[in-house]
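K.L.:
Residues per chain, in single letters:
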Amino acid sequence: MADYRELWESLDMDLEKHDELCQVLPEFYGDIYMTQEKRPEGMNYFNFVISEIHGLRIKELNEHRKNGKKVFGSFCVFVPDEVILAADGIGVGLCGGSEFWVPDGEKVLPRNMCPLIKASVGAKISGTCPYFQSADMLVGETTCDGKKKAWEILEDYIPMHVMDLPQMKREKDKENFKDEIKIFKEKVEEVTGNKVSAESLKETIKLVNNKRKTLQRLYNTRKAENLPISGKDALLITQVAFYDDTNRFIDKVNELCDELENRIEEKVSVFKEGTPRILLTGTPMAIPNWKMHHLIETSGGAVVCEEACTGTKYFERLVDEDNEDLDSQLRALSERYMGINCACFSPNDGRIDDIIRLYKEYNADGVIYNSLPFCHTYAIEYKKVKDALEKEGIPVIMIETDYSLQDAGQINTRLEAFFEMINMNKELAI
Amino acid sequence: MNSNTYILFPSHSDGLALEKKLKEESIKYTISPTPRSLSECCGISIMISPEICHTVESIIKENRDIRISGIHTIERKSRDWFK
Numbered sequence: 001m002a003d004y005r006e007l008w009e010s011l012d013m014d015l016e017k018h019d020e021l022c023q024v025l026p027e028f029y030g031d032i033y034m035t036q037e038k039r040p041e042g043m044n045y046f047n048f049v050i051s052e053i054h055g056l057r058i059k060e061l062n063e064h065r066k067n068g069k070k071v072f073g074s075f076c077v078f079v080p081d082e083v084i085l086a087a088d089g090i091g092v093g094l095c096g097g098s099e100f101w102v103p104d105g106e107k108v109l110p111r112n113m114c115p116l117i118k119a120s121v122g123a124k125i126s127g128t129c130p131y132f133q134s135a136d137m138l139v140g141e142t143t144c145d146g147k148k149k150a151w152e153i154l155e156d157y158i159p160m161h162v163m164d165l166p167q168m169k170r171e172k173d174k175e176n177f178k179d180e181i182k183i184f185k186e187k188v189e190e191v192t193g194n195k196v197s198a199e200s201l202k203e204t205i206k207l208v209n210n211k212r213k214t215l216q217r218l219y220n221t222r223k224a225e226n227l228p229i230s231g232k233d234a235l236l237i238t239q240v241a242f243y244d245d246t247n248r249f250i251d252k253v254n255e256l257c258d259e260l261e262n263r264i265e266e267k268v269s270v271f272k273e274g275t276p277r278i279l280l281t282g283t284p285m286a287i288p289n290w291k292m293h294h295l296i297e298t299s300g301g302a303v304v305c306e307e308a309c310t311g312t313k314y315f316e317r318l319v320d321e322d323n324e325d326l327d328s329q330l331r332a333l334s335e336r337y338m339g340i341n342c343a344c345f346s347p348n349d350g351r352i353d354d355i356i357r358l359y360k361e362y363n364a365d366g367v368i369y370n371s372l373p374f375c376h377t378y379a380i381e382y383k384k385v386k387d388a389l390e391k392e393g394i395p396v397i398m399i400e401t402d403y404s405l406q407d408a409g410q411i412n413t414r415l416e417a418f419f420e421m422i423n424m425n426k427e428l429a430i
Numbered sequence: 001m002n003s004n005t006y007i008l009f010p011s012h013s014d015g016l017a018l019e020k021k022l023k024e025e026s027i028k029y030t031i032s033p034t035p036r037s038l039s040e041c042c043g044i045s046i047m048i049s050p051e052i053c054h055t056v057e058s059i060i061k062e063n064r065d066i067r068i069s070g071i072h073t074i075e076r077k078s079r080d081w082f083k
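Protein chains in written order, with the UniProt record's numbering: chain X, 1 to 430; chain Y, 1 to 83.
Just so you know, these hints were derived from the structure itself, not from any lab.
This structure is a prediction, so every number in the text was calculated from the model and none was measured.
Some hints here could point you the wrong way.
What the hints assert, rightly or not - Pairs of lysine-lysine residues, derived as BS3-like cross-links and limited to a Cα-Cα distance of at most 27 Å, are as follows:
#: 1; chain 1: Y; residue 1: LYS20; chain 2: X; residue 2: LYS59
#: 2; chain 1: X; residue 1: LYS391; chain 2: X; residue 2: LYS223
#: 3; chain 1: X; residue 1: LYS195; chain 2: X; residue 2: LYS223
#: 4; chain 1: X; residue 1: LYS267; chain 2: Y; residue 2: LYS23
#: 5; chain 1: Y; residue 1: LYS77; chain 2: X; residue 2: LYS272
#: 6; chain 1: X; residue 1: LYS223; chain 2: X; residue 2: LYS59
#: 7; chain 1: X; residue 1: LYS17; chain 2: Y; residue 2: LYS77
#: 8; chain 1: Y; residue 1: LYS83; chain 2: X; residue 2: LYS38
#: 9; chain 1: X; residue 1: LYS38; chain 2: Y; residue 2: LYS61
#: 10; chain 1: X; residue 1: LYS360; chain 2: X; residue 2: LYS223
Next comes chain X alone, as it looks inside the complex (with noise of 0.2 Å):
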């Protein structure tokens, strides 16, 4: 076994406690994911992506920085990688989603808020997570108050950037966003030393807009009838897309990509016939937040696409790559960057629309509205989905829930019921 300590040690991380954290992940890993039926070859490589998790990528940013480049921690899916990539730097997602972290983060802040922000914040401070020592700068944003607040605590810790996102989508809102990615784009050069040309961004462009079709080609498979990959693994795949090499990740999931579409014409399916198809939309997944997935999966009902962050919101639309100049790609990248409708925007009816389009495209039963506690945005926006909702005659649930086990028999007897309402309806149609 390779050993990490010497590495983990010159991160300056907490050994001792990141050791507990050690001690639990294989086996999470293992009963959450291992155990599933009929999983594709091609998810060998996320079985060594999450194996490594702590190891080789960190490695690879070590490695990185050794020869003087520079690594960029976001939070969110609003921070252009294209800039960071073309200063030849390297983005990485940090997002906690595990109740580990919540403790530490309680700390600093106040109990009630969102356990991912408690978690993100609990990583840093913690030092027990080693994507957070191995960031030269966090780049933040305004997308909530709680995270807006948190970067204030943070900056005691690490140097941070705080991206300025417009709250509504007018024609001055674009632009204003397009000067905070001018001013981003700014700071990248800055700290690494490169300029960013119209040439890079050119070609960075290109590179994450494959990264986007690729997941869209990942995400076209589970519209078929007979569903070739788990909504969990699905879920992990998007979530290791937020850190992992870019091009590495392009090539593994086109190779999986192949074989799941091979899955599809010899009508192979990891759900049995008739099994509720489930379109989950709301607040981010991070890595190892795989509750709800988990659940609904283990209690008769399959995941066939996530309108969130970890989901469509990180990929659907492409940057226009026709563009020479920087002020055109810069225009290009905040149109293609305000065009994501995050609960964060007033008025959102964007992600209705959305909601309803992807419940169609994926052909989907019912809609499961996930919320982590004290996510007011999502939580709120609930009202106007779910009427949208009951309109189009699509049954909807809400469920909010943080990173604990503790309330999973709970949801477990709400999805039960909830799947049962679904095949009566189903029945009742034929």
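Fit chain Y to the given chain X structure using the hints.
P.N.:
Same frame as chain X, but now just chain Y:
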């Protein structure tokens, strides 16, 4: 007894080298996080069914450049974390 055999490696590249060989020979395997009971270091191992352990051992013998740091067969256990 329901069990799995794990092959452990001194580095991930040895694991990937064996994976390549197993793929060529069409042998069923799964890349897996190394169970904590087998090693305290994080990283990959290759999980196979105990029945094919001999076949895999002979592949390892034939390919001396692939280094391994142990082969262990342990009982398959899983628990429901959400109960």
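K.L.:
Now tell me, hint by hint, if it's right for this structure.
P.N.:
Against the structure, the hints come out as follows:
| no. | hint | result |
| --- | --- | --- |
| 1 | LYS20(Y) / LYS59(X) | 22 Å, holds |
| 2 | LYS391(X) / LYS223(X) | 24 Å, holds |
| 3 | LYS195(X) / LYS223(X) | 42 Å, violated |
| 4 | LYS267(X) / LYS23(Y) | 23 Å, holds |
| 5 | LYS77(Y) / LYS272(X) | 25 Å, holds |
| 6 | LYS223(X) / LYS59(X) | 37 Å, violated |
| 7 | LYS17(X) / LYS77(Y) | 25 Å, holds |
| 8 | LYS83(Y) / LYS38(X) | 24 Å, holds |
| 9 | LYS38(X) / LYS61(Y) | 30 Å, violated |
| 10 | LYS360(X) / LYS223(X) | 10 Å, holds |
Hint violations for this structure: numbers 3, 6, 9, all remaining hints satisfied.
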